[in-house]
Amino acid sequence: MAVGSKRISRREALKTAARCGPAVAFPMVVPASALGRGGATPPSDRVTVGGLGIGNRGAYVLQSFLAQNDVQFLAVCDVRDERREAIKSMVDQKYGNRDCAVYSDQYEIWARKDIDALLIATGDRWHAPLAIMSARAGKDVYCEKPCSMTIEQSRALADTFLRLGRIYQAGTQRRDGHNCIKVYELLKSGKLGKLQTLHAEAGPGDRWPPLTRHDWLPAEPEPPKQVCDWDRWLGPSPWRPYNSEYVKGRWRGYFDFHGGGILEWGSHTVDLCQWAGGLDDTSPVEYEPEGMGSDTPYTIRCRYANGVKLVIRDKGFLGLGSCHFRVEGDAGWAETADGGKVVVSENLRGERFEPAPDTFKNTTTNHVRNFIDCVKSRKQPSSNALAACQAHITCHAAYIAFQLGRKLRFDPATDTFIGDDEANRMRSRAMREPWRL
Amino acid sequence: MSRTILFPTAFAAAPAVKPMVDEKYGSAAQIMALPPAKLVAILKDPSASAYAKAKACQKLAVTGDKSAVPALAALLTDPQLSHYARFGLEPNPDPSADEALRAALSKVKGPLLVGVINSIGHRKDPKAFSALEKLLHDPDPNVSQAAAAALARIRPAL
Numbered sequence: 001m002a003v004g005s006k007r008i009s010r011r012e013a014l015k016t017a018a019r020c021g022p023a024v025a026f027p028m029v030v031p032a033s034a035l036g037r038g039g040a041t042p043p044s045d046r047v048t049v050g051g052l053g054i055g056n057r058g059a060y061v062l063q064s065f066l067a068q069n070d071v072q073f074l075a076v077c078d079v080r081d082e083r084r085e086a087i088k089s090m091v092d093q094k095y096g097n098r099d100c101a102v103y104s105d106q107y108e109i110w111a112r113k114d115i116d117a118l119l120i121a122t123g124d125r126w127h128a129p130l131a132i133m134s135a136r137a138g139k140d141v142y143c144e145k146p147c148s149m150t151i152e153q154s155r156a157l158a159d160t161f162l163r164l165g166r167i168y169q170a171g172t173q174r175r176d177g178h179n180c181i182k183v184y185e186l187l188k189s190g191k192l193g194k195l196q197t198l199h200a201e202a203g204p205g206d207r208w209p210p211l212t213r214h215d216w217l218p219a220e221p222e223p224p225k226q227v228c229d230w231d232r233w234l235g236p237s238p239w240r241p242y243n244s245e246y247v248k249g250r251w252r253g254y255f256d257f258h259g260g261g262i263l264e265w266g267s268h269t270v271d272l273c274q275w276a277g278g279l280d281d282t283s284p285v286e287y288e289p290e291g292m293g294s295d296t297p298y299t300i301r302c303r304y305a306n307g308v309k310l311v312i313r314d315k316g317f318l319g320l321g322s323c324h325f326r327v328e329g330d331a332g333w334a335e336t337a338d339g340g341k342v343v344v345s346e347n348l349r350g351e352r353f354e355p356a357p358d359t360f361k362n363t364t365t366n367h368v369r370n371f372i373d374c375v376k377s378r379k380q381p382s383s384n385a386l387a388a389c390q391a392h393i394t395c396h397a398a399y400i401a402f403q404l405g406r407k408l409r410f411d412p413a414t415d416t417f418i419g420d421d422e423a424n425r426m427r428s429r430a431m432r433e434p435w436r437l
Numbered sequence: 438m439s440r441t442i443l444f445p446t447a448f449a450a451a452p453a454v455k456p457m458v459d460e461k462y463g464s465a466a467q468i469m470a471l472p473p474a475k476l477v478a479i480l481k482d483p484s485a486s487a488y489a490k491a492k493a494c495q496k497l498a499v500t501g502d503k504s505a506v507p508a509l510a511a512l513l514t515d516p517q518l519s520h521y522a523r524f525g526l527e528p529n530p531d532p533s534a535d536e537a538l539r540a541a542l543s544k545v546k547g548p549l550l551v552g553v554i555n556s557i558g559h560r561k562d563p564k565a566f567s568a569l570e571k572l573l574h575d576p577d578p579n580v581s582q583a584a585a586a587a588l589a590r591i592r593p594a595l
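Chains Z and U, in that order, are what the protein sequence lines are. Under our numbering, read the first sequence as residues 1 to 437, first letter to last. Under our numbering, read the second sequence as residues 438 to 595, first letter to last.
Treat each hint with caution, since some may be false.
As the list claims (entries may be wrong) - Short, incomplete list of chain U residues facing chain Z, as computed with Cβ under 8 Å:
id, residue
1, A453
2, V454
3, M457
4, M469
5, A491
6, K492
7, A498
8, V499
9, R523
10, L549
11, S556
Worth flagging that the hints you see were computed from the coordinates, not collected in a lab. Virtual Cβ for every residue (Gly too), placed ideally from N, Cα, C.
All chains should be built: construct the whole structure from the sequences, respecting the hints.
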């Protein structure tokens, strides 16, 4: 499927050739599946997808892509050979062939004109730069969260996708979860009354500390480039000596690679709060941290320009699973998390919601489906670039307030902190050469 | 009710391997707790490790003032630390940071030059315009593309 172009599809070409008859006679065997028979989606209606940096989480999301009849996964790119081969094996097994191409250089997958969209599931350090460069290469993008390392990256991400008209879906799949939609609808219906306060669960401090480390691990011999290209693994992050711990997945918790507990879960739960609150186009104007000096409990109290409050905290939720979000109006409240159950205030007992089996997995599949539909329709997906940008700016601003340990005021119109030079200097980070936004 | 983590992922709240500690200046946290003047002294110390200098640059990104610029600028030509120098210089509000980056355009080549150009573009330094225009014609495509991107940031299309 040639999205956004007037290229003649293979299906149309076949029809045209048939009408021309002997003038273009050539022996041809067309499988029924290629014409859409037997329930198969013809190739011309399929969205072709490639993958960048597909690790454990990416493989989980990839299952949802492979489950779509109108998706064809064509290629994977990774700096690690074992990941390239693992994903190729997974894809080839699904399709019963050996066709999944493997690359170690992202420029090779961007050069594939037959690939419409990319699934990006690298480490956080690469998310925004790769998504932006993919859009410039003409690709639509489904990108895992957190989507950016800085406020500047968040804004550049939204600007790029809006300017180029590419489709961006952040991997904040809970927006397509039935339990979260239930909470959203309760607020929209007016049953909770006027919105007062939103609560977003941050990564529990005993597992995801709010502050990240600046250490380096001791140097180990670098593996051969074809086994793991360390320079490309680091990408735009500051250089540090190779240590296999990072590559094994233990890169989280380091400032150069990760945004700590606030970004780790806030990218989901703050995102849900802004979505439910109709705040997808802005960020709070105040951030006041509490709990500095220890990993847990910690809180950042935020306030939007319209007076609505946002409380980002790692403790005090109802124990409904990971990634709680809670909405409080002046007439009632509702809370949910990954367990799928929706708990409501006493006056709304009739609105309780019990999860269906496989709610969590279905949420990701719904989100992928929404992305594929939007690639075809060119409509904005549920977790589009602007919504992701604003939710991430909120998280970054909260993270900066916590690092500085003081209340900050913020202007969402200019993405600047008011009267705090140090905070403003933390809105961006120089990227390692040759990378830039 | 116990907390249910439905999709656990690998993380590193505390590293399984003991982090590096600089023999002279201590841990990353100890280095980054130093005031700007002592961080600048680390940058000037020929016996300081790359680790200590890297951490000093990262802290000076937030706390460094005009007095930090010369020491950071001196590292722009260092292949291992050039990016860290830019990390420290890029957000520095003092105009001398622009001057240092402009001066480095004629001192570095290849990837380091690309990095310096990128930082100039990030700071949107209008005084670099003519120098960047010349680099549009550099035989290294990475340099010419970086110059074009920087010019676009400094003077965006109407």
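Hint check results:
no.: 1; hint: A453; result: holds (6 Å)
no.: 2; hint: V454; result: holds (5 Å)
no.: 3; hint: M457; result: holds (5 Å)
no.: 4; hint: M469; result: holds (6 Å)
no.: 5; hint: A491; result: holds (7 Å)
no.: 6; hint: K492; result: holds (6 Å)
no.: 7; hint: A498; result: holds (6 Å)
no.: 8; hint: V499; result: holds (5 Å)
no.: 9; hint: R523; result: holds (4 Å)
no.: 10; hint: L549; result: holds (6 Å)
no.: 11; hint: S556; result: holds (6 Å)
Comparing the model with each earlier hint shows no violations; every hint is respected.
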